[in-house]
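Chain order of the listed sequences is G and C. Using this note's numbering, the first residue of the first sequence is number 1, and each one after it goes up by one. Using this note's numbering, the first residue of the second sequence is number 1001, and each one after it goes up by one.
For the record, the hints were derived by calculation from the structure and aren't laboratory data. Please read these numbers as outputs of a predicted model, since none were measured by experiment. Errors might be hidden in some of the hints.
What the hints assert, rightly or not - Restraint ranges, calculated between C-beta atoms of paired labels, are given here:
no. : chain 1 : residue 1 : chain 2 : residue 2 : range
1   : G       : 131       : C       : 1095      : 22 to 28 Å
2   : C       : 1048      : G       : 244       : 58 to 64 Å
3   : C       : 1160      : G       : 251       : 56 to 62 Å
4   : G       : 140       : C       : 1043      : 43 to 49 Å
5   : C       : 1048      : G       : 213       : 53 to 59 Å
6   : C       : 1161      : G       : 251       : 55 to 61 Å
7   : C       : 1179      : G       : 139       : 28 to 34 Å
8   : G       : 33        : C       : 1125      : 45 to 51 Å
9   : C       : 1046      : G       : 194       : 33 to 39 Å
10  : G       : 337       : C       : 1156      : 46 to 52 Å
Built from N, CA and C at the ideal position, the CB exists for glycine as well.
Each chain, letter by letter, is given below.
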Amino acid sequence: MTQRKSGSAGSAPRTVKVDYLSRVEGEGGLYVRVEKGQVREVKLDIFEPPRFFEAFLRGRHFQEVPDITARICGICPVAYQMSSVHALEAALGVTPGPEIRQLRRLLYCAEWIESHALHIYLLQAPDFLGYDSAIAMAADHPHEVERALRLKKIGNDLLALLGGRATHPVSVCVGGFYKVPRRKELEALRGDLEWGLEASLETVRFVSGLAFPDFAPHYEFVSVSHPDEYPMNERKIVSSAGVDIEPTEFEKVFLEEHVEHSTALHSKRADTGTSYFVGPLARINLNFEKLFPRAKEAARATGICWPCKNPFQGIVVRAVEMVHAYEEALAIIASYREPARSRAEFKVHAGEGCAATEAPRGALYHRYRINDQGLVEFAKIVPPTAQNYRRMEDDLRLFLPGILERTEPEIARACENLIRNYDPCISCSTHFLKLKLDRD
Amino acid sequence: MTEPASHCDGRSGAGQAGVRVRVVGCGNPLAGDDSVGLEIVRRLRAKGETECDLVVLPQPGVELLDALQGAEVVLFIDAVSSGAPPGTLHLTPLPSPALQPRTLSALSGHAWGLPEMLGLTAALGRRAPRLVLLGIELATVEPGTPRSEAVEGAVQTVVEKFSQLRAMLTEVNAGRWPSGRLFLPGDASFPGGQ
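Here chain G stands alone, though its shape is the one from the complex (with noise of 0.2 Å):
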């Protein structure tokens, strides 16, 4: 919803407001200060009330971990629950077995399935093609619409099964699962699962005919990685500018801080103080040749030029981490071996660990201590849409300067587009957007 507040031409101040930037998860706003054409001042103002996570969360048993962080979203609750049992898990010795560890990236996988396809084509899709919502495309692009739409209900039917219920999912714990899926419920998966793989690949070849604006700053990406496959969740921390430390190092390299305009925490990088980029555009960029062949194949095939700098792109890159999630979807479906026990056995002990997985929307980290009666003594919670905020602040500083002889609504309408690229979920981090504009 754009409304234009004031207009006046001249040397006066003008403001151009954006009451509620749609397609986004949470609320938030944006000021942007301009003189003598010049772009002064871009803050980007989150005004949804604290949450207060790490705090409540301090007194309460190691296992109700995983279900209170699920509730910190509904679109990524896997991504709460894995950072948090990883984490948990380090501060434990617990090393849970391989099948847990594969069902655990069955989960993730599923998590991925449903929120890149509701971002790519009820979010941001109808950005690119002239659209003001989803609904309004959908009446010319049926086709589309209704695809994203199985493609999420498969994301959510496979999450349901392995979680219990499709959102904040309850089978999760420390050590494993409480329940564990048999292998004929997972088989009866797999025609769907076919489908979607090549829904997916159709979905590559729709994304990548969409015209890009041609914008590519120098990001430093960064994200998890492992030697052998595509970040989920484990293990290291890798950057594009050299970073290559484990998870105990993170908050030695990347800091949040508070700042005045913001409910949400901001990050940077704690040498030089400078913003970061995760997400999915971070992951395949340092993590390309791990993607599953089909998926390598399908990116290669886009004619983009990788490693990809240009944000917009993103939304061809979730196409891309679809292709590979419903891929290694149907690999570990295959290979599966039902576990002879659904978690690992252990003796709680006092103990700190920390641990960073791959949501959606980028890398999360969380860190607990807990004591010898396993009840948390603190807890750490540093979500993804945190640490792009400096990030996307940094992007409208340099897009700005480009769009500044359009008309107000259009401006506030280019600043949500290039905010949607981060596909931010405003409500892990603290909810979107009022643009205000002054210029003289």
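Go by the hints and put chain C onto chain G.
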């Protein structure tokens, strides 16, 4: 927190009249009376033989679209706040001028609420079911509190008289379709249409 996000009771939703009815319980299981929609569906499942699809959607979003598919009638059950005495039952067809779109979509993920899903259903050329809301006037949504006595009374009334309500919803051509009515606590005429 153990409610599945969406679940069909496995029985055919088509009853003797051949009209497929789906009951969708909405609400927050952790917020006092806001759990009433989920609780009514839970009790209907336990009771059995409802001849309806029974679904819960604690956090409706795009999943609402699925809830609109494959049924002729969809009954949403949720807590409402209108200023009426707690436990009052509101039975009204949707969309209703008394319920603004913002009310229906504001708390859903990415603002994908019922108006948006009805719009998407129309844009995709899908057939939309007839929609009815059974709203239960709430007393408290304080997190962690039990349901109020007034709302518990309403739950009991709805479960006891569900077969009459269902019969009314399936007789869409018999002039018994709810036209928007309010039943104060203790009103034995619920669901009306007699």
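Against the structure, the hints come out as follows:
{"no.": "1", "hint": "G:131 - C:1095: 22 to 28 Å", "in the structure": "23 Å, holds"}
{"no.": "2", "hint": "C:1048 - G:244: 58 to 64 Å", "in the structure": "59 Å, holds"}
{"no.": "3", "hint": "C:1160 - G:251: 56 to 62 Å", "in the structure": "58 Å, holds"}
{"no.": "4", "hint": "G:140 - C:1043: 43 to 49 Å", "in the structure": "44 Å, holds"}
{"no.": "5", "hint": "C:1048 - G:213: 53 to 59 Å", "in the structure": "58 Å, holds"}
{"no.": "6", "hint": "C:1161 - G:251: 55 to 61 Å", "in the structure": "59 Å, holds"}
{"no.": "7", "hint": "C:1179 - G:139: 28 to 34 Å", "in the structure": "31 Å, holds"}
{"no.": "8", "hint": "G:33 - C:1125: 45 to 51 Å", "in the structure": "47 Å, holds"}
{"no.": "9", "hint": "C:1046 - G:194: 33 to 39 Å", "in the structure": "38 Å, holds"}
{"no.": "10", "hint": "G:337 - C:1156: 46 to 52 Å", "in the structure": "48 Å, holds"}
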